Amino acid sequence: MNSPQLKLRGVRKRYASVTALRGVDITLAPGGSLAILGPNGAGKSTLLRVMAGLAHPTAGRIEFAGGKHDRGQVGYLGHATLLYPELTARENLIFAGRLYGVNSPQARADQLLAEEGLGEVAERRVGGFSRGMAQRLSIARARVHSPKLLLLDEPFTGLDEPAAQRLTERLTTLSAEGHGLVLTTHEISRAARLARSAVILVDGTVQESIDSDAMSEAELRAAYARALEAAP
Amino acid sequence: MNSPQLKLRGVRKRYASVTALRGVDITLAPGGSLAILGPNGAGKSTLLRVMAGLAHPTAGRIEFAGGKHDRGQVGYLGHATLLYPELTARENLIFAGRLYGVNSPQARADQLLAEEGLGEVAERRVGGFSRGMAQRLSIARARVHSPKLLLLDEPFTGLDEPAAQRLTERLTTLSAEGHGLVLTTHEISRAARLARSAVILVDGTVQESIDSDAMSEAELRAAYARALEAAP
Amino acid sequence: MKPGNETAPNPEADIPSPLEARMSRWRRPLGIVLGLLTIGYAWSVVSAPIDHTQGVIQKILYVHPPLAYGAYLGFVITGFAGMVFLGRGREDLDRLAIASAEVGVIFCTLMLVTGPIWARGTWGVWWSWDARLTVTLLLWFVYLAYLLLRGFGGRNPRTARFAAIYGVLGLVLIPLNYYVIEIFGSRSMHPENLKQGSLGDGMGLPFLLGNLALAGAFFYLLLLRWEVESQRAREDDQGSEARVGGPRAPKD
Amino acid sequence: MNVALAILWKDLVSEWRSRDRVVAMLIFSILMAVVFHFALPDQDPEALRALTPGLLWTAYLFAALLGLNRSFALELENDALGGLALAPGNRGWIFLGKAAANWVLISIVQVLTAGVFAVFYRVDLLPGLTGLASVVGLGTLGICAAGTLLAAMAVRTGFREVLLPVLLLPALFPILAGAVQGSMAAVAGRPVPFESLQLLFVIDGVYLIVAFLGFDYVLDE
Amino acid sequence: MNVALAILWKDLVSEWRSRDRVVAMLIFSILMAVVFHFALPDQDPEALRALTPGLLWTAYLFAALLGLNRSFALELENDALGGLALAPGNRGWIFLGKAAANWVLISIVQVLTAGVFAVFYRVDLLPGLTGLASVVGLGTLGICAAGTLLAAMAVRTGFREVLLPVLLLPALFPILAGAVQGSMAAVAGRPVPFESLQLLFVIDGVYLIVAFLGFDYVLDE
Ligand code: HEM
Ligand SMILES: Nc1ncnc2c1ncn2[C@@H]1O[C@H](COP(=O)(O)OP(=O)(O)OP(=O)(O)O)[C@@H](O)[C@H]1O
Ligand SMILES: Nc1ncnc2c1ncn2[C@@H]1O[C@H](COP(=O)(O)OP(=O)(O)OP(=O)(O)O)[C@@H](O)[C@H]1O
Ligand SMILES: [Mg+2]
Ligand SMILES: [Mg+2]
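Keeping their order, the protein sequence lines are chains A, B, C, D and E. In terms of my numbering, the first sequence is residues 1 to 232. In terms of my numbering, the second sequence is residues 1 to 232. In terms of my numbering, the third sequence is residues 1 to 252. In terms of my numbering, the fourth sequence is residues 1 to 221. In terms of my numbering, the fifth sequence is residues 1 to 221.
Keep in mind the hints are simulated off the structure, nothing from the lab. Check before you lean on any hint, since a few could be wrong.
[Unchecked claim] 25 Å max Cα-Cα, derived SDA-like pairs, lysine to any residue:
1. K7(B) to Q111(B)
2. K68(A) to R88(C)
3. K68(A) to L125(D)
4. K68(A) to E195(D)
[Stated by the list, open to error] Distance windows between CB atoms, simulated:
5. G127(A) to A59(B): 49 to 55 Å
6. D211(A) to P88(D): 48 to 54 Å
7. E169(B) to R221(A): 15 to 21 Å
8. P88(D) to E219(B): 48 to 54 Å
9. D14(C) to T157(E): 49 to 55 Å
10. P88(E) to E115(A): 42 to 48 Å
11. D220(E) to D236(C): 31 to 37 Å
12. Q238(C) to T130(E): 54 to 60 Å
13. R9(B) to D211(A): 54 to 60 Å
14. K7(B) to V104(D): 50 to 56 Å
15. L129(D) to L112(E): 49 to 55 Å
16. W43(C) to L112(E): 39 to 45 Å
17. P88(D) to I209(E): 53 to 59 Å
18. L112(E) to R9(B): 34 to 40 Å
[What the hints assert, rightly or not] To give an idea of the chain D side of the interface with chain C (calculated C-beta under 7 Å), a few residues:
19. A47
20. A50
21. Y121
22. M153
23. T157
24. F159
25. V166
26. P170
27. F212
28. L219
Computed from a prediction, not measured in an experiment: that's the story for all the values here. Note that the Cβ used here is the ideal one computed from N, Cα and C, for glycine as well.
Turn these sequences into a full structure, and let the hints guide you.
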């Protein structure tokens, strides 16, 4: 059950007066995992939104296994939580499950709530959740349809240490099972632990990319430093 | 120019059906620095909002140097950025400066923008800022009136490494100059580096508190583990 | 299909596009023809017989319906260009839609000026809530809202898509505007649509010339506006290539 | 299809939990009746009665604006609308789900509002009820179709409350014209003129189709 | 005081940048004029003219609702209102700053709207202009005072658009009554009745004081 190959070619994204991506080429092999690193404002989140099908590239192509982009195969976690504050945690997951046509959304919701340690607050309105609770639920939402490819934008934000550790373990397992994974983070050590390849974005351009199967933290740090140097 | 003493006595905070704080006593000496730690949903953010004067405690008192709470002496950074998306970065800071009656808001804004590395994007609308850029600006906003006491809720969220390092340095300097500092974070190592005392909240109660002047990371970790153990 | 779903058109899409380049070559000759037409038009309006019941004011006839047709044309082009933009991602046609909506609104505004002047002359009032008049006002509102949407949303592809959809929605009003006379026939103050031979003797030629001249003016303005729009798009494109980037560490 | 049902369920559950939209729309409509009373003093009862269908539709229109705005304000917090955009399949179904929820809620309000107006202005609505109901049903369908599409657009440009009326009202005038005419006939006990119904039918159809197809583009960034 | 000026400046700059509020309120008012036409067909011009002040005030009222809502919607993103609440000093000044900004923007819209209504309904407003201006100015002051306070409250409860009209309209009925009466007299060329002005004065005063003092509590959590 490998994730499909993901391919970006010459992806550009322009907002009114700012160009966030200036021609990005990325290939993620089936079952691969990729860390996107870079300084603030480099274009990481924009790139993830393009991959998720949330934002149109201004130019360039994005393909799944050579074919069309398919939103059903992708799970996305962004800077916003995508949750409804008036619904309970459980209802939010059930709703997301229905959106994706999950078979029995109730059961899936309960399972995810337990995994994320939200069992006790399942029936509370999400509006009153603390940042970390909302982040956990948002992660569960991204996984509700067991997507083949997970796109996570700074997934560790706001999580306490046990939760962060559980997330690391879960992502490692998923990756081992052949799920695709793309994540952004500012913690290089986490990136090195979770991903087998990495690109370093600066100013909308891929400045460095590492694709050795055993990427070390030191290697990644060096590449990051080189990328910042090279950028004008 | 020491910060005033901050004193909380029996502070409780109840939301409709949830009790976030169950009687918290904290004393922050003049010029002291305090890290608030605890798992997700422990009540850290609520506590900070109470200290900032944003939320009324349901019961209990909060005092400044024995007197009334004074919002003008406090700078606050929360989970929300408090910024106006339609204004530019510079205008946001000027506005905040005027709110606090800063003498020359323009000059102060320019100074802060330079310090946070936002000089180049000063004239861009904040609505289009990336998460890290918004976070930097939000930090600048909290400091616009050079408050004697800084309350920072997970200030490192979304910052890239150089920015995080600069923030650490700046906070160390401020603390050395006698400014008070209260911060929450999930990174125990950062907390140990920045604060000279710590409390560990679990479920709205202070489970452990450390007030030795030279708090070590190991000590903090041990206390954190004990607190989680002790909680029901 | 949608603009650039998985295949966005050629990244450095030429601005102006081949179509735009071809069309803009027509502007100059059209200008010359327009100049000649205007002379003939002016002469024929002056020499046309004066209406014996209404007097001189009736000469508004020679601009008033042509203005209406121009407005219709402008909005129809806006709608269809928008559809093609949505379906094929053709940004040049989006620029055409902007140009066309603006020229259409100008024509519609002029109609809303000449109509009431005529009404003041023959009906004695500036405005009446007659069906035709009201629906014309609506038409004006819809495309004004279209322009506002573009203004508020700023120059970006999302706004362009919204505007395109709105332009298509607005098309409903055009047949309604034209046939409203027939629907509300009896109770309407505004005369019916023109039919074969309903014009008086000697009025046919100036009316025909009026239609031609104003159609010429319409297309001239349209091409001009279109060129301006693609010029702006090009400047935008080049401007944003200049480094903008994110924040920098302060250089100490 | 399932997506439409899921959204309908979600909107109705949220509404059931807070009941804020229905209650607010209803109170707003009643207040409109009172405003008209203040704004149009010294009318004799007979004249006022003739005006009732028009006033009623004005109230319907503005109450619907309120409800539509809210309907997407709900989707805006935490970028939930972005979450909908992520769902696989044709986004037309998202439109249908939202439009159906709006239609249900607005219809509930309309029935109650009609009752209030009947009492306030002493008009007997019962004789022409089927005619009135069909006109109101058709008119509201068009309002919800165009309204849901345009509210989504307005919300996405970031101008929300202010842009929606500007975009929506012009698009609704033909519906308003047909509906007021039809309602007047129904209230006066005459049969509803065929042209009114025809007009409403055609416009509803066009708006539904354009909105179903266009929603795909509205949710894209 | 400085706080009030800072907020006034900030609101006017935001508005100047986008001009969305003024334009939208204006178009909304014009559309109201058209809605009334559809809703009140077949009125003879004379009768319609008599109704104009009432219709004008209805348009003013709803346009103001739109503007007030937007005024606080701006404060809601990123919890900017929380940022205001953090400012030291008396929070009454925050109220005054917001209210002043609303008053400026709404007044601009009102002048233009009056022009449009004058043309549409063929009413000559020039003779009674001073009377009309004073009634409108006073009435609007009251609307802004109560509106700013209640909009802040509505926004804080999280129900915003839906709660504001429900809270605000009842509070504004007395103002509406006095203002319509006064305007009718002014438009008809009669002097504005003293009682109308008195009523408006008293209500304005009360609302301003209550809002100034009450704003402190509104901003607390
Ligand atoms: C604000 C909108 C309009 C106003 C105030 C207006 C006013 C008038 C007036 C006053 C006349 C002369 C009536 C008479 O001779 O008694 C007229 C004639 C005419 N109008 Fe309009 N009109 C408007 C819109 C339109 C539109 C949208 C059309 C579109 C086709 C149109 C087509 C005509 C034609 C063809 C005539 C000449 C009819 C004839 O002489 O037999 N008008 N209009
Ligand atoms: N909606 C928008 N409008 C305008 N500009 C935008 C928008 N979204 C992003 N940008 C700009 O695009 C650039 C890249 O932003 P993006 O959010 O992708 O950065 P990022 O790498 O995720 O940064 P961070 O680490 O801070 O999250 C930035 O300069 C940002 O200002
Ligand atoms: N506005 C609110 N309404 C209802 N409950 C709330 C509200 N704000 C916070 N709570 C509840 O209060 C408790 C403490 O929340 P708080 O945000 O203070 O936690 P926290 O320690 O900051 O957690 P995190 O590490 O996730 O940020 C949580 O159970 C939360 O659900
Ligand atoms: Mg980001
Ligand atoms: Mg928190």
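Hint check:
1. Between K7(B) and Q111(B) the CA atoms are separated by roughly 32 Å; this puts the pair beyond 25 Å, and the hint is violated.
2. Between K68(A) and R88(C) the CA atoms are separated by roughly 16 Å; this keeps the pair inside 25 Å, and the hint holds.
3. Pair hint K68(A) plus L125(D) does not hold up; C-alpha atoms about 56 Å apart against a cutoff of 25 Å.
4. Between K68(A) and E195(D) the alpha-carbon distance is near 46 Å, which puts this suggested pair outside the 25 Å criterion.
5. For G127(A) paired with A59(B), a C-beta distance near 24 Å fails the hint of 49 to 55 Å.
6. Distance hint for D211(A) and P88(D): a CB-CB separation of about 30 Å, inconsistent with the stated range 48 to 54 Å.
7. Checking the proposed 15 to 21 Å range against E169(B) and R221(A) shows it holds: the Cβ atoms sit about 20 Å from each other.
8. Between P88(D) and E219(B) the Cβ separation comes to about 51 Å, which falls inside the hinted range of 48 to 54 Å.
9. The hinted range of 49 to 55 Å is satisfied by D14(C) and T157(E), whose Cβ atoms lie roughly 54 Å apart.
10. In this structure the hint that P88(E) and E115(A) lie 42 to 48 Å apart at CB holds, the actual value being about 46 Å.
11. The supplied range of 31 to 37 Å is broken by D220(E) and D236(C), whose beta-carbon atoms lie about 46 Å from each other.
12. At roughly 55 Å, the beta carbons of Q238(C) and T130(E) sit within the given window of 54 to 60 Å.
13. The hint said 54 to 60 Å for the Cβ distance between R9(B) and D211(A), and at roughly 58 Å that hint holds.
14. Distance hint check: the CB atoms of K7(B) and V104(D) are about 54 Å apart, consistent with the given range 50 to 56 Å.
15. Restraint check, L129(D) to L112(E): a C-beta distance of roughly 42 Å breaks the suggested window 49 to 55 Å.
16. Checked against the given bound of 39 to 45 Å, the beta carbons of W43(C) and L112(E), roughly 42 Å apart, stay inside it.
17. Take P88(D) and I209(E): their Cβ atoms lie about 57 Å apart, and the range 53 to 59 Å holds.
18. Between L112(E) and R9(B) the Cβ separation comes to about 57 Å, which falls outside the hinted range of 34 to 40 Å.
19. Among the interface hints, the one on A47(D) is violated; its C-beta lies about 18 Å from the nearest C-beta in chain C, farther than the 7 Å criterion.
20. Annotation: interface hint on A50(D) violated; nearest CB of chain C at approximately 16 Å, more than 7 Å.
21. The interface hint given for Y121(D) is violated, since its Cβ lies 23 Å from the closest Cβ of chain C, which is over the 7 Å cut-off.
22. For M153(D), the interface hint holds, the least distance from its beta-carbon to any beta-carbon of chain C being 5 Å, beneath 7 Å.
23. Taking 7 Å as the C-beta cut-off, the interface hint given for T157(D) holds, the closest approach to chain C being about 5 Å.
24. At about 5 Å, the closest approach between the beta carbon of F159(D) and any beta carbon in chain C falls short of 7 Å, and the interface hint on this residue holds.
25. Hint status for V166(D): holds, given a least beta-carbon distance of 5 Å to chain C, under 7 Å.
26. Annotation: P170(D) was flagged as interfacial toward chain C, and the flag holds, the nearest CB pair being 4 Å apart, inside 7 Å.
27. At its closest, the beta carbon of F212(D) sits 11 Å from a beta carbon of chain C; the interface hint therefore is violated under the 7 Å criterion.
28. Interface hint at L219(D): violated, since its Cβ lies 10 Å from the closest Cβ of chain C, which is beyond the 7 Å cut-off.
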